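Trainee: Given these sequences and hints, build the entire structure.
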Amino acid sequence: MSTETSLLELTNARVVRDGRTILSVERLAIRESERIAILGPNGSGKSTLIGLLTRDVRPIAPGPGEPEPVVMLGRDRIDLFEARNLLGVVSFDLQERYDLAVTALDTVVSGYFGSVGLYRHQDRRPFMREHAFVLLESLGIAHLATRTMNTLSTGEARRALIARALVHDPQVLVLDEPCAGLDPGGSYHVREAIRELARQGRSVVLVTHHVDDIVPEIERVVMLKDGRIVHDGPAARLLSSANVSELFGVPAHIEVRDGWRRMW
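Be aware that the sequence shown starts at 52, since it is given in my numbering, and climbs by one per residue.
Treat the hints as calculated values from the structure; they're not laboratory data.
Model, not experiment: these values are computed from the prediction.
Glycine residues also receive a C-beta, built at the ideal position from the N, C-alpha and C atoms.
A portion of the hints provided could be inaccurate.
[To be verified] Restraint ranges, calculated between C-beta atoms of paired labels, are given here:
hint, residue 1, residue 2, range
1, G165, S291, 35 to 45 Å
2, G116, E181, 44 to 54 Å
3, P177, D309, 35 to 45 Å
4, G252, P285, 42 to 52 Å
Mentor: Structure follows, in C-alpha cells:
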C-alpha cells in the first residue's frame, strides 16, 4: 500500500435519505497525486459520494468512540479557505447554473470567490484576471476569454469551468461526469485537458458512468453499485469485461487500444 499522504478519507460513512441508506462506504482514501475514476451506473451513489468529499452532503454522525466518517488532511474539521485549496470541482450542475451572460474570463475569476458570476462587492485584483487568462490559455480557449458563457459550446464552457476550478491550485480536481452532454469534439478536448492535468501530477477524481471517459492516466478505479463500493483497485485489472458487465448488469466487452478502453 502507498505511504503517500491521504488527502481525503471516508470511514464507515453512511448517508440516509427518507429513512433509506443511499450510500454506505466502509473505507475510501485518496492519496496525494493519485488519479482515480469512480465508475458506476446512474443511481449508484456517485453524486452522493462526491457530496461527502466536498462536504455538501452530511453523513450519519458516528457513535461514541467511532472515527469521524469524513477526514480531510488528517482532520475532521477544515475551514473554507483550506477546503478551496484542497478541492476544485467541475460538475454538469454547475455548468447549468453558468448559462449566463458572464464572460469566460470572469467565470474563471469567480472561482476565487466561490460564486456563480461576479458581484460589485468582491475585491477583484489585477493578478486574478492575469492568472485566469493563463489558465484559459493552458486549456486552449484563451481566444474565448471575452465571449459569454451562454454563447460558448458545451465543451468550451466545460473547459472554462475546469479553469475556474484551478484558480486556487487545488490538490484534488474533482470532475463529475466531465463529458456529459458533449459531442465527440468537445469530449476529445475535455479528455485531453484531463490527461494533461494528470500528467502534471495533480490528483484527479473522475466520476463517470462511461468507461470511455477514463483516460489512460487513471491508475485506480472505484466501482460503485447500489450505494456500495464493489471493487477498488488498479484500473488495468478492474476494467475487465466481466467486472464491467457485473457493474452495469448488461453484457459488456472491453477493448483496450493505446491505453484507452472502449465498451461494446
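Trainee: Each hint: holds or not?
Mentor: Evaluation of the provided hints:
1. G165 - S291: 35 to 45 Å: holds, 40 Å
2. G116 - E181: 44 to 54 Å: holds, 51 Å
3. P177 - D309: 35 to 45 Å: Between P177 and D309, where Cβ atoms are some 43 Å apart, the hint holds.
4. G252 - P285: 42 to 52 Å: At 19 Å between Cβs, range violated.
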